[in-house]
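Trainee: Chain residues, written in single-letter form:
Protein chains: 2
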Amino acid sequence: MKYNFPVIKTTHPKEKPDPDTLRFGQIFTDHMFMMEYSPEQGWHNGRIQPYAPLQLDPAAAVFHYAQEMFEGLKAYKSKDGRVLLFRPDMNARRTTNTNERMCIPHIDEELFVEAIKAVVGVDREWIPSKKGTSLYVRPFIIADEPFLGVRPADHFLFMIILSPVGPYYEGGLAPTKIYVENEFVRATPGGTGAAKIGGNYAASLKSQEKAHESGYEQVLWLDGVERKYVEEIGTSNAFFKIGDEVVTAPLTGTILPGITRDSVINLLKQWGMKVSERRMTIDEVFEAGKSGKLVEMFATGTAAVISPVGELSWKGEKVTINNGEIGELSQKLYDELYGLQIGEVEDKLGWTVEV
Amino acid sequence: MKYNFPVIKTTHPKEKPDPDTLRFGQIFTDHMFMMEYSPEQGWHNGRIQPYAPLQLDPAAAVFHYAQEMFEGLKAYKSKDGRVLLFRPDMNARRTTNTNERMCIPHIDEELFVEAIKAVVGVDREWIPSKKGTSLYVRPFIIADEPFLGVRPADHFLFMIILSPVGPYYEGGLAPTKIYVENEFVRATPGGTGAAKIGGNYAASLKSQEKAHESGYEQVLWLDGVERKYVEEIGTSNAFFKIGDEVVTAPLTGTILPGITRDSVINLLKQWGMKVSERRMTIDEVFEAGKSGKLVEMFATGTAAVISPVGELSWKGEKVTINNGEIGELSQKLYDELYGLQIGEVEDKLGWTVEV
Ligand SMILES: Cc1ncc(COP(=O)(O)O)c(C=O)c1O
Ligand SMILES: Cc1ncc(COP(=O)(O)O)c(C=O)c1O
Chain U
439 MKYNFPVIKT THPKEKPDPD TLRFGQIFTD HMFMMEYSPE QGWHNGRIQP
489 YAPLQLDPAA AVFHYAQEMF EGLKAYKSKD GRVLLFRPDM NARRTTNTNE
539 RMCIPHIDEE LFVEAIKAVV GVDREWIPSK KGTSLYVRPF IIADEPFLGV
589 RPADHFLFMI ILSPVGPYYE GGLAPTKIYV ENEFVRATPG GTGAAKIGGN
639 YAASLKSQEK AHESGYEQVL WLDGVERKYV EEIGTSNAFF KIGDEVVTAP
689 LTGTILPGIT RDSVINLLKQ WGMKVSERRM TIDEVFEAGK SGKLVEMFAT
739 GTAAVISPVG ELSWKGEKVT INNGEIGELS QKLYDELYGL QIGEVEDKLG
789 WTVEV
Chain G
439 MKYNFPVIKT THPKEKPDPD TLRFGQIFTD HMFMMEYSPE QGWHNGRIQP
489 YAPLQLDPAA AVFHYAQEMF EGLKAYKSKD GRVLLFRPDM NARRTTNTNE
539 RMCIPHIDEE LFVEAIKAVV GVDREWIPSK KGTSLYVRPF IIADEPFLGV
589 RPADHFLFMI ILSPVGPYYE GGLAPTKIYV ENEFVRATPG GTGAAKIGGN
639 YAASLKSQEK AHESGYEQVL WLDGVERKYV EEIGTSNAFF KIGDEVVTAP
689 LTGTILPGIT RDSVINLLKQ WGMKVSERRM TIDEVFEAGK SGKLVEMFAT
739 GTAAVISPVG ELSWKGEKVT INNGEIGELS QKLYDELYGL QIGEVEDKLG
789 WTVEV
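Residue numbers (my numbering), protein chains in the order written: chain U, 439 to 793; chain G, 439 to 793.
Derived by calculation from the structure, the hints in this document are not laboratory data. Nothing here was measured: the structure is a model prediction, and the numbers come from that model. No false leads were mixed into what you were given.
The list treats identical chains as interchangeable, and a pair is accepted whether it falls inside one copy or across any two copies.
EDC-like cross-link-like pairs, simulated, lysine to aspartate or glutamate; straight-line CA separation at most 20 Å:
| no. | residue 1 | residue 2 |
| --- | --- | --- |
| 1 | Lys644 | Asp592 |
| 2 | Lys644 | Glu538 |
| 3 | Lys454 | Asp495 |
| 4 | Lys452 | Asp495 |
| 5 | Lys512 | Asp527 |
| 6 | Lys753 | Glu664 |
| 7 | Lys569 | Glu782 |
| 8 | Lys447 | Asp495 |
| 9 | Lys648 | Glu538 |
| 10 | Lys512 | Glu563 |
| 11 | Lys644 | Glu583 |
| 12 | Lys753 | Glu725 |
| 13 | Lys786 | Asp773 |
Please put together the full structure from these sequences, using the hints given.
Mentor: Next comes the structure, spelled out in structure tokens:
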């Protein structure tokens, strides 16, 4: 390892949770990674220390101007006791791009990955091993300089916290009901849709609330200009299998470049399938739905890996996809990806990284 | 007063700054207002306490999903020793609208104003009285519930902090150079442009940085869909005097409904002038600029009140406005508004509120 981070161990280890009752993002481990940025020293003082509250001035820029970013990935414990990360270099790369858009100083990508490995290593006993469980890893950066005024801050904190999590869907791969959002917009060209920043998620809460009230699990976002091209589903990327073609929105700056998305595209190509990264209208989706050509639809993301969609609602119209059941391709992709992540499928592409 | 907030006074009062060297948003007073929200108790425990760091869990939602909002207004000390706020009910109303968009629980508007009065009252000795100085008042709300997952939080903090500030432009009302932004977008219909939330400002940093690098003070935003209608200037609203008509963008959800904007529109109408809240293309602005019909342009906002624009640059083309000098109307509006705010112009509309 190029980097060597000092470790201050907790003197009050917490009790580990019951793996059977784990939910998402509510319990945190004993330690966290922390590093600071100042203009004089750059990023410095990377260390692992006990998980504890932050002390921040009420004028810290993050509270007012949301200069902040985050990442998300999972660490799994394999049957033979190895601790595996899935493509953490992609999170490091996405962080570089997000930071560039947010005027946050660049973090060396190797350091980013080494820091994750180091803190996961210290708390490796916290990784649950029950099927579907994992340790969710949350790197994030906040501007902590205390001042009021709109300009990039010059003091930041980079942290990594860890949370043991249960399976995203308790009953397994259950198809979801999705609402096509017509009123609210998530992202627009020239905006921040491709960056992983707090503001995008804050802006999405209202739409999600509306979807929940109408009995839907998530929203399908349309593009912000013409309001007709399909973009993403909630916090995941969207795939549509129409006849033999698997379609997903292209990376033109308004959607998040998902790591699961990239992995799915890679696998499909490897399997000799036709994958198109192209703009597709919601009309095309609904027509394919009605004519029976929309054979499968699924969302991809770190939290649920593959999440099949069973129903789509748009302006009062509904289409049911694959009789509301999990499609063959969704299941195959889930098995392959999840198998790779937990170390049970042979990793020919070098996607997994051992801690 | 309907509300009565307990006051815990500081035992370590800070030294007050030299009024001659005051800048913007870097020094904070001795006290702050703080109130908490929980689902069981609603907003509760409003109090004034010593200004001090916040203790927050690293998983607090504000750090990850930017569920946060803020407001800004100023308290002035009049020559006869009164402490005046300018239309604080408008900040309360805007907070209601922002909170609604951000899934933040509603705060009673009367409480909002009373809380400002209470904390400004406690720190009234901090209000500088030199011409151009004031006490900047920053109410803000952050989601402090510790959890990872995209949903509205159910625990929040509402705070008010105070900062003695100097005149926005040190040399007085100096006309600024503005860059028309073609690449980045601030807001789009269905987005959060009309809400005063951190995410909007984080998204704007990159554009501002680019403008500064090219020698411009601020950017003029164009609409996010057609990229041709003028919207706002940095953190202020934009006005254009074209012949006899004063034009400003309408409130259609993509610009912040500025309180200075509203006050300017009111004054202009009172003075019998023609004011139009209408969409106007940047082409129209440049044509008017070249033909000499664009006689004045100015930005309006709490920080600088009225800020005249002397030069506009768009795709390599430049127009100079009013020979780069302050226009008559800009000066008249500034004198009237600033006069009202410091209690030297008679307040016939009941805009000022005494603390
Ligand atoms: C908006 C958005 N799109 C897509 C994704 C999926 O990205 P990934 O596969 O890297 O988790 C996420 C989640 O991380 C997201 O927040
Ligand atoms: C984006 C934006 N537009 C306009 C304004 C002007 O609003 P006000 O006149 O209420 O200060 C502000 C500043 O508060 C702002 O941040």
